[in-house]
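Chain by chain, the residues run as shown.
Number of protein chains: 2
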Amino acid sequence: MLQDKMTKKDKQRDLCLARLADYVLKAGLGETSLRQLAAAAEISDRMLLYYFKNKSEIMTLTLLRAAEEMTETLEKVLPANQPLPAKQLLAEGAALTQSDDFAPFMRLSLEIAVRAGRGEAPYTEVARLIITGFQDWIMQRLETQDPSRKRAQALMILAIIDGFGVLCVGIEKSSFQDGLEAFLDEAESLF
Amino acid sequence: MLQDKMTKKDKQRDLCLARLADYVLKAGLGETSLRQLAAAAEISDRMLLYYFKNKSEIMTLTLLRAAEEMTETLEKVLPANQPLPAKQLLAEGAALTQSDDFAPFMRLSLEIAVRAGRGEAPYTEVARLIITGFQDWIMQRLETQDPSRKRAQALMILAIIDGFGVLCVGIEKSSFQDGLEAFLDEAESLF
DNA sequence: TATAATATGTAGCGTATGCTACATATTTGG
DNA sequence: CCAAATATGTAGCATACGCTACATATTATA
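The listed protein sequences derive, respectively, from chains A and B.
Mapping to our numbering: the first sequence position 131 is 147, numbers consecutive.
Mapping to our numbering: the second sequence position 99 is 115, numbers consecutive.
Treat the hints as calculated values from the structure; they're not laboratory data.
Hints may be right or wrong, so weigh each one.
The list treats identical chains as one, so a pair stands whether inside a single copy or across any two.
Quick list of in silico lysine to aspartate or glutamate cross-link-like pairs, EDC-like style, CA-CA up to 16 Å [to be verified]:
#1 166 with 201
#2 27 with 159
#3 25 with 58
#4 103 with 202
#5 69 with 85
#6 24 with 88
#7 69 with 88
#8 166 with 202
#9 42 with 136
#10 103 with 88
In this text the structure is predicted, and so the values were computed from the model without any measurement.
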């Protein structure tokens, strides 16, 4: 990635993408006109379209970059040292959705998923990438006795984490007065 | 609601909102310029702004109308005859997210929740309304032995249903080859 | 150093947006 | 019936959008 023979253009593209990934993580997908993106990248919109062929390419590469950063953040926050039981992994994941480090990724992922649901390109492929990335992360940390069901179990855990994220995002945790732990206890008592 | 002494303007407003609610359920929140809304309402944009004071009012009332319809649809799809055990209620709810009748509400709800998460008015209040509406629906159908935890349990069930909705919306159920039932079995086996 | 390739600024095009001004038609009520 | 209120069409404004044409500066290469 950090090759010596990157042209200046390539280096600028890379710098732009780093800044743009940070920007969309903070601002979301709603404030992404070329002029706004250019301001975030600290260049002129003219140069943005010199470095990239059009807005679609900018957004695709920016979201892929953000997805990469999400994967790295996930790895950093909870390294895959030893597997955890499902309930504990679920608790870790749900807590993540509220942590300062990870919440922006959660919000952005949901925005991407929603747009993917409407069939908007290029969100469809990015959404799939993010979901499978998160799913893999869960699988690598899930202690299980039945390997054949591991993938499905991971998907179930991911669904609960996502659902928790939606509720938090949508209602700003005002209905979670009892706290995250109490909420998660319900998961256990449900079945 | 159907008063005799509605002025023509009031009647037109009502008709518009009915059509607009249908429209946003189909098209989502991404295609909602005044001209597009006017076409959906089968009037001119000029008249749309005669009936309503501005776009913000149009969207607020339209989404409230859609939320009302969601509540009615929920009631119709599964009347509150007798309470169900959590697992069965969860299965019903998850299946709903894929049914033709209810999937549009699910997609729209997620779009609203995401925008609410960014603090965009008027989505914040509408999101809260939708979430509590769905939560109440669950509570009224949930068989429980510990009433003090009923509300939290309902929220947990809602989280799983929402998470399932996100995954379906985001990846178009390609990862659910095993089907909904197998997926739900995991919920049971997880704990 | 001359020339070609790369880089950057300025200006603006065509279109879409939310919204309004102004005129005219239609209905209503005294 | 006639004035006042209500309803509707036409046209367009100001702004924002994605993107491009054109000129000029800077750098690399021969």
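The hints, checked one at a time:
In this assembly of identical chains, the alpha carbons of residue 166 and residue 201 lie at most 16 Å apart only when taken from different copies (13 Å versus 22 Å within one copy). Taking the shortest Cα distances, residue 27 and residue 159 never come within 16 Å of each other, neither inside one copy (42 Å) nor across copies (60 Å). In this assembly of identical chains, residue 25 and residue 58 lie within 16 Å of each other by CA distance solely inside one copy; the values are 15 Å within and 50 Å between copies. Within a single copy, residue 103 and residue 202 get their C-alpha atoms as close as 11 Å, and across copies as close as 13 Å, so both meet the 16 Å cut-off.
Taking identical chains as interchangeable, the C-alpha atoms of residue 69 and residue 85 are never at most 16 Å apart, the minima being 23 Å within one chain and 44 Å between chains. With identical chains, the CA atoms of residue 24 and residue 88 are never at most 16 Å apart, being 26 Å at best within one copy and 59 Å at best between copies. In this assembly of identical chains, residue 69 and residue 88 lie within 16 Å of each other by CA distance neither inside one copy nor across copies; the values are 28 Å within and 48 Å between. For the identical chains of this complex, residue 166 and residue 202 are inter-copy neighbours only, at 9 Å across copies versus 22 Å inside a copy, given an alpha-carbon limit of 16 Å.
With identical chains, the CA atoms of residue 42 and residue 136 are at most 16 Å apart between copies only, with a shortest distance of 14 Å across copies and 21 Å within one. Taking the shortest alpha-carbon separations for residue 103 and residue 88, neither the intra-copy value of 23 Å nor the inter-copy value of 35 Å comes in at or below 16 Å.
Hint violations for this structure: numbers 2, 5, 6, 7 and 10, all remaining hints satisfied.
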